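Student: Work the whole structure out from these sequences, hints included.
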Amino acid sequence: MSISNPQNDSNTQREQNFPGFPGNDDKKSRPVFRLTNVPESMVVKGASVLSQRMLWNIPKFRLFRFLLFLTVSSFFIVLYVLWGYKKGLVFNPTFHIPSPASVSDRTQDAAAVVFCGNTSAEMKSLDEMISSKLEYTPRKVPKDTEFVSKFPRKYLSKIKSPCWHVPFTGTPINNQHTRNQMKLDKVPLRCLPYFYLVGQPKCGTTDLFHRLRKHPQIKYNAVKEPHWWTRIRYVNCVLNVPHLQANTSVERYLNLYRSAARYISNGLKGVTKTVIAITVDGSASTLWDNKHLWNYYYKDRGYTEPEILNVDFIHTVNPGAKILVILRDPVERLYSEYLYFRRINSAEDFHDKVKEAVHVFTSCLSQWSLRHCVYNISVLEQIHIRLHVGMYVVFLLDWMSVFSRDQIMILQLEDYSANMKETMTKVLQFLDAEPLSEEQMAHVLELKVSNPRRSADRSVGPMLPETREFLREFYQPFNRKLASVLENKAFLWNHC
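Going by full-length UniProt numbering, the first residue of the sequence shown is number 1, and it counts up by one from there.
No lab work stands behind these hints, which were simulated from the structure alone.
Being a predicted model, the structure only gives us computed values, none of them experimental.
It cannot be assumed that every hint is accurate.
[Stated by the list, open to error] FRET-style restraints, in silico, Cβ to Cβ:
hint, residue 1, residue 2, range
1, S450, Y303, 32 to 40 Å
2, S157, R405, 20 to 28 Å
3, S404, H165, 53 to 61 Å
4, A222, S157, 25 to 33 Å
5, G267, P319, 18 to 26 Å
6, A347, G267, 50 to 58 Å
7, G320, G270, 22 to 30 Å
8, P152, A222, 20 to 28 Å
9, G461, K421, 44 to 52 Å
10, E128, A418, 30 to 38 Å
11, T425, G267, 37 to 45 Å
From the three backbone atoms N, C-alpha and C, an ideal C-beta is built for every residue, glycine too.
Tutor: Structure (structure tokens):
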């Protein structure tokens, strides 16, 4: 649904008015010459000298019209100079700042960040607004007992991946896949992922997944992104598509890990020397996407923000899981995603989409909580780019309130690309996987980059400088919060 309005359209030459923001109400009271060294009386003095020379030759009525024209013209000339000098920032509306609300101890600690030297007053105000709106309610265990009952309370000991013995009871799948499925039904072992590579999209998850799959203990994972927790399991419930029921079942999800389960089962029987096979779900939507959960549990039921998220379901059935996250400069991530998904791309179109998205989000934030604006599908449906995906700290705090900090490893794409060997070694240590030999590591490092930017996308060129600067200022408060929570200034992405 498009929300564009001719009165609210914006580009680099036009001011965008955010409804309800106080910055739009005080423009008339702002001194026009406040950013110059020229006295405001200079134009008037010039006009006075000219009027003395012409006083005896010009009738009073014409003299008055001439002085009025000269004054108005001078005003617009100076206004034009100021507009070009500041590229519109002088007259941009400030963010609406609500009254400070109570903040949790975790949020107060996260707020203790030194501001960058060139941070504008508007961005400092936005930072305060975000801090005041980071109010987290205690986590709740999902009440969907039917879903939870499909998983065991305990898993087999001495096995790294969470596995258990149970015969396959799912509905056989028709067509060519049926015969293979009948053979797999004899495997009495089922496994969930040992770790989740949860995001974010366009941050290198595909490249990291394919390199990890070269590890002998992780090679049994054929599918990177089943998107089962965030999307597939809700298809039949939300979209009411009965013929997809077999594809959305728990059994179908568990079948993704049947190769690893078979290897582990053979190890338990003594067929192989080891029972170690590490299972992984590499869906890049897991960290942030709760759209279908919202539609299923909360839509049209009076909720302003979700009480439970997909992370709560994962933790309930798999509390010992390890979580691997890889992040990227949110400004570059957004542009990369825009080029990847949109059919018609241009830097100008991206600029318009960004201005529109920030308009919607800040308008929402002036009335609702931060989590409401990030998770409520009615808000997200108004935005044509996924601006919220780059608000990493919002999602991570939700995950860190469920999983312990030592269960979560957070990488940076920039560091991963520059120091791949060191990063891969740390990841394997985090996963408690066997270290690779020098030969194996060399093979991993020689792999081509997965999912690079397409040539057609590169031909579009970089984003506009004003777009990059605008997004950097927008994401600064989120990055500061993230850097404070993780105690790592690298997650500022040098936006200072």
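Student: Could you run down the list of hints and mark each one as holding or not?
Tutor: Against the structure, the hints:
no.	hint	verdict
1	S450 to Y303: 32 to 40 Å	holds (38 Å)
2	S157 to R405: 20 to 28 Å	holds (25 Å)
3	S404 to H165: 53 to 61 Å	violated (28 Å)
4	A222 to S157: 25 to 33 Å	holds (27 Å)
5	G267 to P319: 18 to 26 Å	holds (24 Å)
6	A347 to G267: 50 to 58 Å	holds (54 Å)
7	G320 to G270: 22 to 30 Å	holds (26 Å)
8	P152 to A222: 20 to 28 Å	holds (24 Å)
9	G461 to K421: 44 to 52 Å	violated (32 Å)
10	E128 to A418: 30 to 38 Å	holds (34 Å)
11	T425 to G267: 37 to 45 Å	violated (26 Å)
Consistency with the previously given hints fails for numbers 3, 9 and 11, ordered from lowest to highest.
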